[in-house]
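Please take these sequences and the hints and turn them into a complete structure.
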Amino acid sequence: MSRRLIRLACLLLALAPTLARADVTVFAAASLKTALDRIAADFTAAEGIDTTISFAGSSTLARQIEQGAPADVFLSANTAWMDELEEKGLIVAGTRTDLLGNSIVLAGHDPAPATPLSLPRDWATLDFGSDGRLAMAMVDSVPAGIYGKQALTSLGLWEQVQDRVAQADNVRAALALVSLGEAPFGIVYATDAKADPNVHLWATFPTDSHDPIVYPAAATRDTAEARAFLAFLNGPAARAVFEAAGFTLLAPPE
Amino acid sequence: MSLSVALAHRLPGLDLDIAFEAPPGVTTLFGRSGAGKTTVVNAVAGLLRPDRGRIVAEGEVLCDTESGIWLPPHRRRLGYVFQEGRLFPHLSVRQNLTYGRWFAPGRRDGDDFARILDLLGIEPLLTRRPAALSGGEKQRVAIGRALLSRPRLLLMDEPLAALDEARKAEILPYLERLRDEARVPILHVSHALAEVARLATTVVAIQDGRVIRTGPAAEVLADPEAVPALGVREAGAVLTGRLAAHHDDGLSEIALTAAPLFLPRIAASVGAQVRVRIAAQDVMLALEAPRSISALNILPATVIAVRQGQGPGVVVQLRSGEDVFLARVTRRSADAMNLGPGTPCFGIVKSVAVAQSDVGRGRQP
Amino acid sequence: MTPLTPQELDAIALSLKVAFWATLFSLPPGILAAHALARWQFPGRQLLNGLVHLPLILPPVVTGYLLLLTFGTRGPVGAFLQETFGLVFAFRWTGAALAAAIMAFPLMVRAIRLSIEAIDPKLEEAAGTLGASRPWVFATITLPMMLPGVIAGAILAFAKAMGEFGATITFVSNIPGQTQTLPSAIYALLQVPGGEAAALRLVLVSVVIAMAALLLSEWLSVRAARRVAGR
Chain A
1 MSRRLIRLAC
11 LLLALAPTLA
21 RADVTVFAAA
31 SLKTALDRIA
41 ADFTAAEGID
51 TTISFAGSST
61 LARQIEQGAP
71 ADVFLSANTA
81 WMDELEEKGL
91 IVAGTRTDLL
101 GNSIVLAGHD
111 PAPATPLSLP
121 RDWATLDFGS
131 DGRLAMAMVD
141 SVPAGIYGKQ
151 ALTSLGLWEQ
161 VQDRVAQADN
171 VRAALALVSL
181 GEAPFGIVYA
191 TDAKADPNVH
201 LWATFPTDSH
211 DPIVYPAAAT
221 RDTAEARAFL
231 AFLNGPAARA
241 VFEAAGFTLL
251 APPE
Chain B
255 MSLSVALAHR
265 LPGLDLDIAF
275 EAPPGVTTLF
285 GRSGAGKTTV
295 VNAVAGLLRP
305 DRGRIVAEGE
315 VLCDTESGIW
325 LPPHRRRLGY
335 VFQEGRLFPH
345 LSVRQNLTYG
355 RWFAPGRRDG
365 DDFARILDLL
375 GIEPLLTRRP
385 AALSGGEKQR
395 VAIGRALLSR
405 PRLLLMDEPL
415 AALDEARKAE
425 ILPYLERLRD
435 EARVPILHVS
445 HALAEVARLA
455 TTVVAIQDGR
465 VIRTGPAAEV
475 LADPEAVPAL
485 GVREAGAVLT
495 GRLAAHHDDG
505 LSEIALTAAP
515 LFLPRIAASV
525 GAQVRVRIAA
535 QDVMLALEAP
545 RSISALNILP
555 ATVIAVRQGQ
565 GPGVVVQLRS
575 GEDVFLARVT
585 RRSADAMNLG
595 PGTPCFGIVK
605 SVAVAQSDVG
615 RGRQP
Chain C
620 MTPLTPQELD
630 AIALSLKVAF
640 WATLFSLPPG
650 ILAAHALARW
660 QFPGRQLLNG
670 LVHLPLILPP
680 VVTGYLLLLT
690 FGTRGPVGAF
700 LQETFGLVFA
710 FRWTGAALAA
720 AIMAFPLMVR
730 AIRLSIEAID
740 PKLEEAAGTL
750 GASRPWVFAT
760 ITLPMMLPGV
770 IAGAILAFAK
780 AMGEFGATIT
790 FVSNIPGQTQ
800 TLPSAIYALL
810 QVPGGEAAAL
820 RLVLVSVVIA
830 MAALLLSEWL
840 SVRAARRVAG
850 R
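Going line by line, the protein sequences match chains A, B and C.
Under our numbering, the first residue of the first sequence carries the number 1, and numbering increases by one thereafter.
Under our numbering, the first residue of the second sequence carries the number 255, and numbering increases by one thereafter.
Under our numbering, the first residue of the third sequence carries the number 620, and numbering increases by one thereafter.
There are no misleading hints in this set.
In silico lysine to aspartate or glutamate, DMTMM-like type, Cα no more than 20 Å apart, as pairs:
1) C:K741 / B:E338
2) B:K604 / B:D503
3) B:K604 / B:E507
4) A:K88 / C:E815
5) A:K194 / A:E243
6) A:K33 / A:D50
Some chain B residues close to chain C (C-beta under 10 Å, calculated; not the full set):
7) R331
8) E338
9) H344
What the hints contain is simulated information worked out from the structure, not anything from laboratory work.
Cβ atoms here follow ideal geometry from the backbone N, Cα and C, with glycine treated the same way.
Next up, the structure:
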C-alpha cells in the first residue's frame, strides 16, 4: 500500500513540471483543432512559451471557465458564449477580437455535379431517396446547426426539409453521417467539408442567409503570455494555416 | 429387477474398480467415507461418467463405455435421494413431490400419490415450503419425490447422515416400510453399521475402491472374516424373530429359534417380524448356563468359528438354533475356555445393551 | 414550474418506449449469455466475456459509431436486415432501442450471471435425476431461481437505457419525435446559454423515473428472493 502511494507520488512529481511549464492554457472550440495544433507548435517554437490546449464544444468550455477553469485564452465557435462570459466579466477587457469567419455548405456523400448548385433554386434537384436524411448539428443548440437552420429558413426551405433533418450532437458527427453515406447530404462548415475526402462540396449557402459565423478570441486571464498568443494568432504564420484550412480571416493583419 | 454394475474410475486419491450384482430388496454399499460409495451411485445415476464400465438395470444398458452407450440422467428413470435432500426451495412440498411425475411415463392416478404420502407421513406438509421443514421432514419429502417419479430403482446416498440421532430414529421406520411395501428395489449407501443392519437385505462392503465382501446382509454381518472391514467396535449380527409378547414389566419378548430374547419395549405389535442387531462386544460367553445373573438373555449356542485379530480380542461366530451371531471376547478368555469350532457354550446378552435404534421391523432377509 | 412542452413530453414518452423495448429484447440474449458465462465451459468463453463487457469499456461515442458502421443502412448487418426483414435501425427509434440495449447489456448480464452463480448446481442435478431434460431443468429450476437477478438486471438495464446518450446520438442522431430521447433533449438544452432551467426540469423527470425504477426493482427483487428462498 505504502509502495503504491510512493509510486503515485513519483508519478505526480513527474507530471508536475509539464504542468508548471505550460505557460499559456488555451480553451478552443473543437472545430479549430487541426489548424490550432499546428499554430501552437509554431508559437512555442517562435516564442519559447509552452501551450496547452483543451478542445471541446464552445458551450462546455464556456461553462468550465464560468466554474473557474484555469484558461488563459478562449477561442469560441460562436459569439453567444463569448457574450455570456463578457457579461459576467470573465474576459479581459479590450482583448476580444472577431478572429475568424467560416461558412456553411451543403455536403454530399456522392460526388457533386460539375457546376456547383445555386441555393435555393436547385434544392429540388437533390436526390434524398425514399427516406434519406439531411444531417445537421443540433438545430437549436449547436452553432453549426443554428446557422444551418437560419439559412434554410431564410431561403424558404426549412418547412419542407425539417422532417428530414437528423440532428447530431456536434458538427463532426453530422459530417460522419454524410461521410459514411448514412445520410446522403448534410450541412456542415466549409472547413469540415474540406477536411474529409469522402465528402463532396455541393453548394455554399449565401453568407447573407444566416448570421455571420464568427470565431471570437479573448484572454480570460491578463498575462503577457496570453496577449502574446492572441497576437500570434493574427500573425502571418497563423493566418496562412487558418486560410489553408478554409477559414476566412476577419481581423486585419497586424 | 436386478442391477448389475461394473466400473473402473480414477479419482484423485482413489482408484475405483468395482463390480457387483444387486438383487431385489435393499442393497447397501457399505464402507468408510472416501471408499468410493458415492462415486458408484453417481455413476449409476448418470451424474458421473466412469472411465470404463457397464451398468445394466432391468435389462436396459444405462452405460457401456465399450460400446459408447450413455443414457443421460433424465432418461434413466432412477430415483435419487441425496444426503442433503436437495428439495427445490422455490416450490412447495406438493410441487416438489409432483415434480418428477411431469416427466414420468404414463402418469399415474392419485392412488399412488396418496399411498406414498401415507407411507411417508408427509400429507400434513403439502402446502409448506422446504425452508419450513425439519431435517427429517425434508428427507421424507425427498424420498417421496424420488418415489413419485416412478423410478425402476431408488438410489439413496446416506439419506440419514445429515440428521441427528432423534431424526434418524424418526426416519428409519419409514425406510423399513419403504423396503417392505414400496416394491421398488433400493441401492443404498451407508457408513453406519446400525443403519445397514436395519435396512439391508444385501451388503456390498467396499474398501479403498474395491469390493471386499458381498452377500445377504445377515450372512455378511455374522461373518467374523468381515469384521475388520466393518469395524471391530461396530460389528454385530442381525437376528430376526417374531414378536411373541409384550410383558407388563416393560419388556418385549422375541421368539428366536432356540430361546426367547427379552428387550425393552419394542414399538411393534405382537406377531410382527423384528430385526435386532446385537453388537459383538455386548455378548458375553459362558461354558455353563449361568444362574443368579442379572442378564435375561442366555442363548444356548455352538461355536462355528473363532477369528483371531491383530489385537487382544477375538471374534467368535456362534449358532443358536437357526440364528447366527457374533461375540467379541479377549484372546485370553478364548484360550482359557478353549473355544474352538463345535464348542458348546452360552451367549449372554443384557437386555438393556440393545439400543432402541438397533431394533427394526423386517421380513426374513 | 411551467408544464412540460409537447416536445418534452414526446421525449419522455420516447425514452420510456425505447428503454422498455431495449430491455425486453435484450432479456433472452442476456439470460443466454449470463448462463453461458456462469455454467458452460467452451473455448472462447473469455472472448465472449470481453465482448459482452465491451460497451462498458468503450467510449459510448465509439460504440455508437461501430453501430453506425454495422447496423447503418450501408452497414453489412443493417443492409441485410433491411433487405430481408424490412427492419431499419438508422435514424429510427428502433435504432435508439438497439443502442440502448447494447449499452445496457453488460449491466444486465452481470446481474443475471451473479444470480445464476448463486444457484446450487446440485439442485439442477437433482432435477435431472427426476427425469427433467436440460431445457426443462432450466425452465423449471434455474430460471425461477435466478428470477431476482433477472429482475434486478432488467431494471438496471431499463435505467441505463433511459439515460443512454452517447451511443444513441451518434447512431441515430437527434430527431424530435423519432429519436430525441430524454438525455438528447437535456443535452440540446445545455448547449444554449440560459437553457439550464429547462434542462433541470427534464433532469428532475429523469431522476424521478430512475428512482421509481430502482425502488420497483428493489421491491420486486426482495419479493422474488423471498419466494425463491421459500419463505
